[in-house]
Amino acid sequence: MTAGYTRRELMVVAAAREIHDREVVFVGMRLPLLGFGLARATHAPNAVGLFENGVIRDRPAEAFIYTMGDPPNITGAIACLGLLDVMSLLQQGRVDVGFIGGAEIDPLGNLNTTRTSGSGSLVRLPGSGGGCDIASLAGRTVLIMEHEPRRFRPHVDYITSPGHFPGRRRGGPSTLITTLGVFDLSPTGVRVRTLHPGVTAEQVRQATGFPLDVSDAVQATPPPSTDELAHIRRADSEGFWTRRESPANPLRTMTAG
Amino acid sequence: MREAIAEQVHDGDAIALGLALESGIPFAAVHEIIRQQRRDLTLIGPISDMAFDQLIAAGTTARVIAAWVGNVAGGSGYGFRRAYEQAIPRRLVMEDHSNFTVGLALQAAAMGVPFLPTFTGIGGDIVRNHPRIRPIEDPFGGPAPLAVAALRPDVAIIHVQRADAQGNAHLWGNLGLTVEAAYAARRTIITCEEIVPEDIIRSDPNRTMIPGFLTTAVVEVPGGALPSSVQGHWRRDFEPFLDYHRRSRTADGFEAWLREWVLDMPDRAAYLQHMGEAAVERLRVRDEQLAASANFAP
Numbered sequence: 001m002t003a004g005y006t007r008r009e010l011m012v013v014a015a016a017r018e019i020h021d022r023e024v025v026f027v028g029m030r031l032p033l034l035g036f037g038l039a040r041a042t043h044a045p046n047a048v049g050l051f052e053n054g055v056i057r058d059r060p061a062e063a064f065i066y067t068m069g070d071p072p073n074i075t076g077a078i079a080c081l082g083l084l085d086v087m088s089l090l091q092q093g094r095v096d097v098g099f100i101g102g103a104e105i106d107p108l109g110n111l112n113t114t115r116t117s118g119s120g121s122l123v124r125l126p127g128s129g130g131g132c133d134i135a136s137l138a139g140r141t142v143l144i145m146e147h148e149p150r151r152f153r154p155h156v157d158y159i160t161s162p163g164h165f166p167g168r169r170r171g172g173p174s175t176l177i178t179t180l181g182v183f184d185l186s187p188t189g190v191r192v193r194t195l196h197p198g199v200t201a202e203q204v205r206q207a208t209g210f211p212l213d214v215s216d217a218v219q220a221t222p223p224p225s226t227d228e229l230a231h232i233r234r235a236d237s238e239g240f241w242t243r244r245e246s247p248a249n250p251l252r253t254m255t256a257g
Numbered sequence: 001m002r003e004a005i006a007e008q009v010h011d012g013d014a015i016a017l018g019l020a021l022e023s024g025i026p027f028a029a030v031h032e033i034i035r036q037q038r039r040d041l042t043l044i045g046p047i048s049d050m051a052f053d054q055l056i057a058a059g060t061t062a063r064v065i066a067a068w069v070g071n072v073a074g075g076s077g078y079g080f081r082r083a084y085e086q087a088i089p090r091r092l093v094m095e096d097h098s099n100f101t102v103g104l105a106l107q108a109a110a111m112g113v114p115f116l117p118t119f120t121g122i123g124g125d126i127v128r129n130h131p132r133i134r135p136i137e138d139p140f141g142g143p144a145p146l147a148v149a150a151l152r153p154d155v156a157i158i159h160v161q162r163a164d165a166q167g168n169a170h171l172w173g174n175l176g177l178t179v180e181a182a183y184a185a186r187r188t189i190i191t192c193e194e195i196v197p198e199d200i201i202r203s204d205p206n207r208t209m210i211p212g213f214l215t216t217a218v219v220e221v222p223g224g225a226l227p228s229s230v231q232g233h234w235r236r237d238f239e240p241f242l243d244y245h246r247r248s249r250t251a252d253g254f255e256a257w258l259r260e261w262v263l264d265m266p267d268r269a270a271y272l273q274h275m276g277e278a279a280v281e282r283l284r285v286r287d288e289q290l291a292a293s294a295n296f297a298p
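Chains W and X, in that order, are what the protein sequence lines are. Position 237 of the first sequence, counting from 1, maps to 237 under our numbering, and the rest follow consecutively. Position 47 of the second sequence, counting from 1, maps to 47 under our numbering, and the rest follow consecutively.
No lab work stands behind these hints: they were computed from the structure. All of these numbers come straight from a predicted model, not from anything done at the bench. Among the hints, erroneous ones may be present.
[Claimed, not checked] In silico contact screen, one side only, chain W against chain X (beta carbon under 8 Å); selected entries:
hint, residue
1, Glu-52
2, Gly-54
3, Tyr-66
4, Thr-67
5, Asp-70
6, Leu-84
7, Gln-91
8, Gly-118
9, Gly-127
10, Ser-128
11, Ser-136
12, Tyr-158
[Unchecked claim] Here are some of the chain X residues that sit facing chain W, going by a computed Cβ distance under 7 Å:
hint, residue
13, Leu-21
14, Ala-67
15, Gln-86
16, Pro-89
17, Glu-95
18, Gly-123
19, Thr-250
Glycine residues also receive a C-beta, built at the ideal position from the N, C-alpha and C atoms.
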C-alpha cells in the first residue's frame, strides 16, 4: 500500500483509462477485468466487453469471478456465443481494444508466453490462449506486465503474441502498463508516459533489461480518485486481484499478477 | 462411464475435451481414461486447465494440440512442464496454437473443407514452420492469409446440463468450441448432469447444441465436471485446483494425488463421497434464475 491505494489498484485505474466510451473491448481476466468494470462505471458507460469463451457483457458480473467461465459471468450476460464468434468479430476489425499479459516482452511489444531459456535452462510456459489472436487482430492492444529485468528482454525467445513488425495490417500494442509505470509502444520502441508515484527513473532503468530513455522529469501516473477506489474495492471486495491484505481473502498468498 | 470409455476411447486416439474453456471440463471421463490406462493419446483443446496436465502426468499422452496448457489457478502445469522439459514420464510432442487457430482447425473439419484462411498469428512464432498452418495466396487478389488445416478428433468428450437417451444434448452458458468439436469428431461422448425425457429436449430445440445422431455414447454423471463449474448446477471449486497445483509440483507428489483422487476412486460417485457431503452441497447451485420461456407453438 502506498498513500492509501495499492500499486495494483493504480494499474487498474490506468487500464480503465485506456478504454473509451462506446468501444468494444476484448477483456482479459485479473486487472483488465476490474479496469473494464471501472471504465463502465465512470467515463465509458457504453463500452461492451467480449470474452474469448464467447460471453458478451455490458456490465461486470455481480459476484466475484476467478475465471471468465465462472457462473456469475454468464448470469446477466448479453449473449453467450462460441469462441469462433467473438474471434470472428475480432478478425473483422470490430474490436477497438484488447488487453493481454505476458511473461516476457521486447522493445517492439512482442510477448512471450510459450517457452524461455532466459534463466539458463528451458522453461515451458502455458502458451498463447487467446493472446496471440488479440495481439494480431484488435484495433490496438494494452499490455500488462510485472516490471522485472528478466521479463524485459532485448529479444524474446519466442514471439507468442506479435508486437510491431513491418507490414502489420492493423493495430499493435499501444500502451504498456507495468508495476512501475505506463509506457507508449510504437514501431520505434518503448517510451515512458508516466511513472507511478514514488518510482524513480533509476528504478525503471534497473528493472528494464534493454536500454530505455527515461528522465526524472517524467510525470507521475495520476492516482486513483476516491470514487475510483471505492468502485474497485466493491468489485474486488476481498482484494484478491489488487492484493489488499484482507483476512477474508483465502487466496491472498497466491501470485495473482 | 466405464463402458463408454472402454468402447469409445482407444490407444492412439485424438481426443478433444475442455472445449468450453474453464467450465464443464469432463473430469469424470478424464479420470476414467487414466484408470483404464490409455496410451499414446493426442489431446486437442483451446485451454485445458488441469485436465490435460493430469492426463499428461499420468502417462496417457503422446501429443498435445492446444493453445494453452496449465492450471488456471496457478499458471504453470507441472505435469506438462515435466513432460515437455524432461520427457517425464514420457516424451511429449506439442503443437502450439492460439485459441482461434485450434478453433478454425476444428471448424474446417466440421465444415468438411481442407482448411480455413485467417489473419491471426502473422508476425509471430506460432505460425512459423507449423505442421498445420501455412501461408497461402488469396485467389481473389487480397492480402495473403494463412491456411489452418482441418483437424478431426477421433472422439470429443463434452459435459452438458441435460441430454435425452438418444444423446440430443442441451447446453447453455459457456460454449467455447464445444459445438465445432462435436461436429468435427468421428465419435462424441456426452456426459450430463441428467438424462431427461426427449420431450424436454424438443420443447426448446434452439438449446440443442449437439443433435443425438452425432452422439455415440451418453452417460449420466452428476457432478462429472467438478471441480469445474456447470451453469445452473455447480459453482467452481477453487481449492482442488490449488491443491493439485501444490501437490503436482513433484512427480512423487503427483503420484500421491493421483492415487488419492483417481486410482483409488472406482467412479465419480466415490469421488463425490471422498469430497464429503458438506463440500459437495456447498458447491451445488440451489438458486433459480430461469430464462423466460419461448413460445414454439406452430
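Going through the hints against the structure:
no.: 1; hint: Glu-52; result: holds, 6 Å
no.: 2; hint: Gly-54; result: holds, 5 Å
no.: 3; hint: Tyr-66; result: holds, 6 Å
no.: 4; hint: Thr-67; result: holds, 4 Å
no.: 5; hint: Asp-70; result: holds, 5 Å
no.: 6; hint: Leu-84; result: holds, 5 Å
no.: 7; hint: Gln-91; result: holds, 6 Å
no.: 8; hint: Gly-118; result: violated, 14 Å
no.: 9; hint: Gly-127; result: holds, 4 Å
no.: 10; hint: Ser-128; result: holds, 5 Å
no.: 11; hint: Ser-136; result: holds, 5 Å
no.: 12; hint: Tyr-158; result: holds, 5 Å
no.: 13; hint: Leu-21; result: holds, 4 Å
no.: 14; hint: Ala-67; result: holds, 5 Å
no.: 15; hint: Gln-86; result: violated, 9 Å
no.: 16; hint: Pro-89; result: violated, 16 Å
no.: 17; hint: Glu-95; result: violated, 11 Å
no.: 18; hint: Gly-123; result: holds, 4 Å
no.: 19; hint: Thr-250; result: violated, 16 Å
In the structure shown, a violation is registered for the earlier hints numbered 8, 15, 16, 17 and 19, in ascending order.
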